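Engineer: Residue-level listing of the chains:
6 protein chains.
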Amino acid sequence: MRLWSSYSSIDLEEVAGSSLVLQPIGSIEQHGPHLPLVTDSLIAQEVALQAIRETPTASILLPIISYGLSSEHLHASGTISLSPTTLLAVLDDLGASLARAGVEKLVFLNGHGGNSALLRVASRELRLRYGLMTFLVHPHLPVDQVSVVSNDREGGFAIHGGVAETSMMLYLKPDLVHIDRLERSIPDWLSRYSKIGFGGPVTFGWTAADLSSNGVIGDPTSASPEAGKRSFEAGVSGVVAALEEIQAFQFPQY
Amino acid sequence: MRLWSSYSSIDLEEVAGSSLVLQPIGSIEQHGPHLPLVTDSLIAQEVALQAIRETPTASILLPIISYGLSSEHLHASGTISLSPTTLLAVLDDLGASLARAGVEKLVFLNGHGGNSALLRVASRELRLRYGLMTFLVHPHLPVDQVSVVSNDREGGFAIHGGVAETSMMLYLKPDLVHIDRLERSIPDWLSRYSKIGFGGPVTFGWTAADLSSNGVIGDPTSASPEAGKRSFEAGVSGVVAALEEIQAFQFPQY
Amino acid sequence: MRLWSSYSSIDLEEVAGSSLVLQPIGSIEQHGPHLPLVTDSLIAQEVALQAIRETPTASILLPIISYGLSSEHLHASGTISLSPTTLLAVLDDLGASLARAGVEKLVFLNGHGGNSALLRVASRELRLRYGLMTFLVHPHLPVDQVSVVSNDREGGFAIHGGVAETSMMLYLKPDLVHIDRLERSIPDWLSRYSKIGFGGPVTFGWTAADLSSNGVIGDPTSASPEAGKRSFEAGVSGVVAALEEIQAFQFPQY
Amino acid sequence: MRLWSSYSSIDLEEVAGSSLVLQPIGSIEQHGPHLPLVTDSLIAQEVALQAIRETPTASILLPIISYGLSSEHLHASGTISLSPTTLLAVLDDLGASLARAGVEKLVFLNGHGGNSALLRVASRELRLRYGLMTFLVHPHLPVDQVSVVSNDREGGFAIHGGVAETSMMLYLKPDLVHIDRLERSIPDWLSRYSKIGFGGPVTFGWTAADLSSNGVIGDPTSASPEAGKRSFEAGVSGVVAALEEIQAFQFPQY
Amino acid sequence: MRLWSSYSSIDLEEVAGSSLVLQPIGSIEQHGPHLPLVTDSLIAQEVALQAIRETPTASILLPIISYGLSSEHLHASGTISLSPTTLLAVLDDLGASLARAGVEKLVFLNGHGGNSALLRVASRELRLRYGLMTFLVHPHLPVDQVSVVSNDREGGFAIHGGVAETSMMLYLKPDLVHIDRLERSIPDWLSRYSKIGFGGPVTFGWTAADLSSNGVIGDPTSASPEAGKRSFEAGVSGVVAALEEIQAFQFPQY
Amino acid sequence: MRLWSSYSSIDLEEVAGSSLVLQPIGSIEQHGPHLPLVTDSLIAQEVALQAIRETPTASILLPIISYGLSSEHLHASGTISLSPTTLLAVLDDLGASLARAGVEKLVFLNGHGGNSALLRVASRELRLRYGLMTFLVHPHLPVDQVSVVSNDREGGFAIHGGVAETSMMLYLKPDLVHIDRLERSIPDWLSRYSKIGFGGPVTFGWTAADLSSNGVIGDPTSASPEAGKRSFEAGVSGVVAALEEIQAFQFPQY
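Residue numbers (the working numbering), protein chains in the order written: chain H, 5 to 258; chain S, 5 to 258; chain P, 5 to 258; chain B, 5 to 258; chain C, 5 to 258; chain E, 5 to 258.
For reference, chain H alone in the conformation it holds in the complex:
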């Protein structure tokens, strides 16, 4: 396993330029009564580790950024959130450090939907300021970033603490799941709106307190470790395929 952290400086220098560098980022934030605060970070980290194992490309894994942008969960105990400007500054410092080391390709592997928009902003800035080629990958694309909503029983509301996340946690860390606290909490009323919504053309500035009384936005009641295994493996496959494509990716010369 190629971990940035495990290299000595002089060995890292040898491989930095030719490797694809993977930065996992998650969150420490409320995930309803049944899931631990670490959920997003843990899934990002486990997917990253497994993807690095499976990928034939030369990837190096950076240590995870655990504290992300979780403004929408700040009202709930345990959430630790950086502000947007702080996280932009962290990512800018990171980009400068990586470019100095000779890195050419940086991939953010993001486990928390609330980080996605800011990571898109940062991806472009790092390209511009440091010449890095930057990419943004998700184990599972956040529901609010796709326009076609899957027709599962959560009706496109599996934003947070729903069946997918809960199942993966049951597969990866069952002891951290309070199986007795699974509770459906879906903002059904959102379906009254055809344009405003997670995958719709009109996005909106919501906090979890706007959408849920217990912090869940989804329906974890049918979660299972088996579904979690499938979901996890699908996430890994997707990331592995993405890494291979990224490894081959080049901008043409104009």
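Everything labelled a hint here was simulated from the structure, so no lab data went into it.
Computed from a predicted structure; not experimentally measured.
Treat the hints with care, since some could be wrong.
Label pairs and their computed distance ranges (CB to CB) [claimed, not checked]:
1) H:Ser-22 - C:His-79: 20 to 30 angstroms
2) B:Asp-184 - E:Pro-60: 26 to 36 angstroms
3) P:Pro-178 - B:Glu-58: 52 to 62 angstroms
From the three backbone atoms N, C-alpha and C, an ideal C-beta is built for every residue, glycine too.
Following the hints, position chains S, P, B, C and E against chain H.
Structural biologist: Chains S, P, B, C and E in isolation, oriented as in the chain H frame:
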């Protein structure tokens, strides 16, 4: 027409709370050899004006923010871009000012894809810091923000200066279009990648110089004022429908 | 009319270096019960447009910056103000963008007295950081920036919403003036002080709420469109003459 | 002499609210070949000390802020300048500290023209954020801040290192003046412009290097200690009169 | 083991106030040719985990902050450093989040000497702004923060990659140590100075490039896993004892 | 006496590179009922002046920075404190200005313990960003920065307003000392803790209000001018010796 700017302070005070406040935002950035720098701002502004005229809801239009986040076009002459932190600060000051005036609902009408991610970040922050209900609307959803790619002849690459924008400009301001300079410039090579792409699961930090030699990312050669009229009217209809939905929108009490 | 926004990037490139670039800036702020929030921006914009038309020099007009520094009116509904650091950041980003385009001379045409001091700070910084030659022009010099006070009937207190602004608005946009709400509101008590005052040697940090109960600082009751026309034309003439001088202006070589 | 610094905390607490607090601010910057870097700070400090001695009002003197905003002299050895945002932050922290101590009136006594615009911005912000009443006083009003130009032999160009400053230094600290290096250096070419200029309606972003080969902008050759004494005493009288007026100053209740 | 990350939000809420919260922080930075970039983070993390296991007090462990302040190693490949202002912002956001959760006592367990001064600054600010009681603990006190220098064979120069760190790594992660690259690199010339030095009264702003040709500041040649075990256990004991004292610690009421 | 401020720019240019530049920094903060707010600044300044007089090395003295980082005394009237980010910005601007003047060695002479950690951070950053060699010297090392605690009757608690500071003030400025208000105020309860403490391995984020009811942390009752003279002279000797060593100091070439 209800323009924020045209109100006196004491009259504005009467209507601020019950109105939906619309903030158009665009860009001043290169749009290829054939389109003017103002393209995004002009379309946002024209759509906003027409939508305000057509909408039965109580909307008030703010003066447009012309300078947006155009890092991806900074290499080209004429582009005027704020940095992400500057634009976040502008939007934060705006939110504070609106909340002080008693505004409850703020809608960003965004004409430039490069602003979208940052506006999503700001939408949430303004909700959190000032209690505003915030919404983000586009005349046409940026291609890199939808996962289903239209199968028009631009093959999903109509990001910038392509047939849609050019047609709308031919309809709205034909004298600003250099009809003799229409040139197809599509990063066909991107189709070699199944994951990396504008509407794909892997986004990437590109600049226009990475994707095009003349600043266009699309194929404007078949643009026409008729198509522009249809496109513009579709944009207006979409925004009007969105505004009506937003007017009715409420978060439930938990 | 040469508008920056109307140029395509490659055409702008041709003219940027040899042109004088004009940046109008105003405010959206309370202007008493009778004038609209847009007053400063509208006057700046109209003077700029007319000046560009009349001036034989090669000037290019940038889109107006509508939101300025209006801390002194923040207490009143409708005022939208950037903080000093935000506005400095906007102007710095602007300067960087213009210098990148090859611009050599930048003229701020400022319609709001509250922006003036900050624009003086920024003018010097942009000279220093980007090598731009920068200039600051007003349609009418703010009363608090001249030491000789005109002996009109407002006694040197025509700071805000007084006869000059009201007259110009009656000339330019009579439908936005509430003619039935003209009310004299002059801080006569200030004449008790011989040093502290708008044009005096001792300036002070006032807000409109310190000086007025209705937001006006002046006496608009004798305003007329005729006086407005004269005032507007004088403003335009002054700006045209300034632009011609600026066009010819060069620093010597030492 | 009432010096803030000399009070113990509990004694300061007694007088803070009823006193007028005076903050001298100067610069450390090039002043031509004949004057020391401290010129502005020294004059501000000496005027402040003498004014405090002479004024019957209850004034307290803060320790001088030596490092100001000297961007226009950064090219010359010895200049130590804060950036505009740094100095704004210093003044904001100062305002917060003073308000916490119960201060109600703060007077900036400024010896450096390059600080003036920024101090005007800060004066208003401190009024707004901390409720302080703020005032800005100069020993001698900077030439570029008055519109009527004195018709002395420097023709209105006595900006920096000219007869007034040199004379005062000859009076206050003759040993710091290099009397053998007095050299006229006046940007006579500026008189070709009727609008652009120090006291004219068009201000411009100049550095000392734009206007002078030796850092002087003025004509010190006729400087004398006698003239310096008169100038100094006039400055003190002006400040004393200002302090008395400020002591009496109150905003009315509306 | 009580890990913040493993709690659900509602369970965390129960214990946050009565627990002592431990934030490990390290660095990713060059550690000579023989040690991995992760050295500081790994030691901090391992000590923290073991201390939590051994301590009878109610401690909760936060996820480690891997990226610290490593300006002094920025010249070397692999170092990832936040700037001082970025790290201050991260710690401020952290403090706000913890205080919101009801935390009363926060302990930084710091594995990197370069973080110490900044953590002291932050400790006080978090006390002031959020009312947190804050503490700073090191597995081993950085040599440059004690005035009595141990008389081991490194002569007080065991700053970085020396016998202590290398031994601990040989004990904790021998496979990450390049045993064939142990090389003494001690700035013996520093002993020529009696005041300037790591533990002396005069501190200085050094980078690793100022003190070493290979990034090591110390003598790892005699490192052994046995010494590492002793060192590690001593570090754990020290931290356990500190945590117990901190658990009991209270400020008196005055 | 070589004062930076007294040089003309061209004379400073001659000596900047070969001189050691000394920046005194203090605080304006509460020092108990008996000492003036200026205590730290005055001691730093007096020691600096005397050291410059006595030192044979080529040192130049900068004007003192009076406002430091005094967060721990913000609750008390009269304290004027910069925030950490403001002070870092001031020091960064200072470093840039000095480097531009050709300075190679900068020595902070710090009279306030609360500045020390931040000055250590800044010392390294200025080395890194501007290539300056930077040093940090104290007249007397702050008690919380040494691990060996003197066994005087204050038991290692002479942090603030105790016998040393009071004695020095009695020697330097007896008229500023309220001799009738000397009161012992020592946080004896701290001795219950063996690890947490000023010189102990566990530092903590305290404010003066946490440790004292009257702002004193120490026992000034036995202070005397004679002890103050000895203390002052010891401080000067220490600084002179430090300056001589710094003058000779060089980093080797690797």
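Engineer: None of the hints should be skipped; say for each whether it holds.
Structural biologist: How the hints compare with the structure:
Taking 20 to 30 angstroms as the suggested C-beta distance range, the pair H:Ser-22 and C:His-79 conforms, at roughly 21 angstroms. Checked against the hint of 26 to 36 angstroms, the pair B:Asp-184 and E:Pro-60 passes, with Cβ atoms roughly 29 angstroms apart. At roughly 55 angstroms, the beta carbons of P:Pro-178 and B:Glu-58 sit within the given window of 52 to 62 angstroms.
Violation of the numbered hints given earlier is absent; every hint is satisfied by the structure.
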